[in-house]
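Enquirer: Sequence:
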Amino acid sequence: MMELDVRQNCVTFLAVLQACTHTGFLEKGWAISIIQYDDKGISYNPELDHYSCMADLLGRKGKLKEALDFVQSMPIKSDAGIWGTLLCACKIHRNIEIGEYVAYRLFKLEPHSAAPYVEMANKYALGRWDGVANIRAMMKRNQVKKFPGLSLVHINGKTCTFTAEDRYHAESELTYPVLDCLALHSREEAYWSHSKWIPEHEAG
Numbered sequence: 004m005m006e007l008d009v010r011q012n013c014v015t016f017l018a019v020l021q022a023c024t025h026t027g028f029l030e031k032g033w034a035i036s037i038i039q040y041d042d043k044g045i046s047y048n049p050e051l052d053h054y055s056c057m058a059d060l061l062g063r064k065g066k067l068k069e070a071l072d073f074v075q076s077m078p079i080k081s082d083a084g085i086w087g088t089l090l091c092a093c094k095i096h097r098n099i100e101i102g103e104y105v106a107y108r109l110f111k112l113e114p115h116s117a118a119p120y121v122e123m124a125n126k127y128a129l130g131r132w133d134g135v136a137n138i139r140a141m142m143k144r145n146q147v148k149k150f151p152g153l154s155l156v157h158i159n160g161k162t163c164t165f166t167a168e169d170r171y172h173a174e175s176e177l178t179y180p181v182l183d184c185l186a187l188h189s190r191e192e193a194y195w196s197h198s199k200w201i202p203e204h205e206a207g
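Numbered according to the working numbering, the sequence shown spans residues 4 to 207.
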């Protein structure tokens with residue numbers, strides 16, 4: 004863009020930051036995030052989306068303390084989205100300590116959103132059952148409801164909604180036998196695909 008003399012704007016820098024995030028280019032992303040003016044004097048004022056990308060990049064690289072410091076030092080107010088990004092990074096890198104702090108920030112911002120409670124309960128379920136009990140008590144106290152995930156299938160202009168083990172659907176008597184047949188077929192395909200690659204002396 005610079006060679007073609009095309010003016011950059013905040014969207015340009017956001018696209019570059021997102022590219023750095025998905026490719027793991029931490030140093031290049033950091034260089035973009037702290038630029039205020041390019042070499043042609045074009046002003047670049049980072050917005051929340053830019054800070055969120057940088058926090059995501061730091062989190063993906065496992066630099067959770069740096070990501071937390073970055074979010075806390077932002078000149079603009081953080082939102083639930085950026086804290087949710089940090090919580091996901093804590094889950095990936097199994098950092099309970101920072102995860103707890105981030106989760107409680109989310110509890111204050113969105114006390115009725117089930118996602119951070121579920122994330123922390125899953126973390127605690129790896130061995131800290133007192134933590135699971137505390138999370139459940141908080142959910143009950145704050146009247147947090149966890150709704151089951153839905154699957155949507157669009158057939159002949161009609162949208163059908165399914166939840167896990169939903170036996171009350173009008174077509175459930177037809178649907179589940181078909182699903183059972185598909186599952187059996189998939190297992191058989193997996194078995195034969197695996198057997199095909201086993202050497203004859205091992206198979207015999």
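Please note that the accuracy of each hint is not assured.
As the list claims (entries may be wrong) - Below, computed lysine to aspartate or glutamate pairings styled on EDC-like, alpha-carbon distance capped at 20 Å:
#: 1; residue 1: Lys-161; residue 2: Asp-133
#: 2; residue 1: Lys-111; residue 2: Asp-82
#: 3; residue 1: Lys-80; residue 2: Glu-50
#: 4; residue 1: Lys-161; residue 2: Asp-183
#: 5; residue 1: Lys-64; residue 2: Glu-113
#: 6; residue 1: Lys-66; residue 2: Glu-113
Said to hold, decoys possible - Simulated restraints on C-beta separations:
#: 7; residue 1: Leu-187; residue 2: Thr-15; range: 28 to 38 Å
#: 8; residue 1: Pro-78; residue 2: Arg-190; range: 31 to 41 Å
#: 9; residue 1: Leu-112; residue 2: Arg-139; range: 18 to 28 Å
#: 10; residue 1: Lys-148; residue 2: Leu-187; range: 12 to 22 Å
#: 11; residue 1: Lys-111; residue 2: Lys-161; range: 40 to 50 Å
#: 12; residue 1: Leu-112; residue 2: Gly-152; range: 34 to 44 Å
Hints were generated in silico from the structure; no laboratory data involved.
This one's a predicted model, so the numbers in the text were calculated from it and none came from an experiment.
Ideal Cβ placement from N, Cα and C applies to all residues, glycine included.
Enquirer: All hints are to be evaluated individually against the structure, with a verdict given for each.
Expert: Tested hints:
{"no.": "1", "hint": "Lys-161 <-> Asp-133", "verdict": "46 Å, violated"}
{"no.": "2", "hint": "Lys-111 <-> Asp-82", "verdict": "11 Å, holds"}
{"no.": "3", "hint": "Lys-80 <-> Glu-50", "verdict": "10 Å, holds"}
{"no.": "4", "hint": "Lys-161 <-> Asp-183", "verdict": "23 Å, violated"}
{"no.": "5", "hint": "Lys-64 <-> Glu-113", "verdict": "27 Å, violated"}
{"no.": "6", "hint": "Lys-66 <-> Glu-113", "verdict": "25 Å, violated"}
{"no.": "7", "hint": "Leu-187 <-> Thr-15: 28 to 38 Å", "verdict": "52 Å, violated"}
{"no.": "8", "hint": "Pro-78 <-> Arg-190: 31 to 41 Å", "verdict": "55 Å, violated"}
{"no.": "9", "hint": "Leu-112 <-> Arg-139: 18 to 28 Å", "verdict": "20 Å, holds"}
{"no.": "10", "hint": "Lys-148 <-> Leu-187: 12 to 22 Å", "verdict": "36 Å, violated"}
{"no.": "11", "hint": "Lys-111 <-> Lys-161: 40 to 50 Å", "verdict": "42 Å, holds"}
{"no.": "12", "hint": "Leu-112 <-> Gly-152: 34 to 44 Å", "verdict": "23 Å, violated"}
The structure fails to meet hints 1, 4, 5, 6, 7, 8, 10, 12 from the earlier list, while all remaining hints are met.
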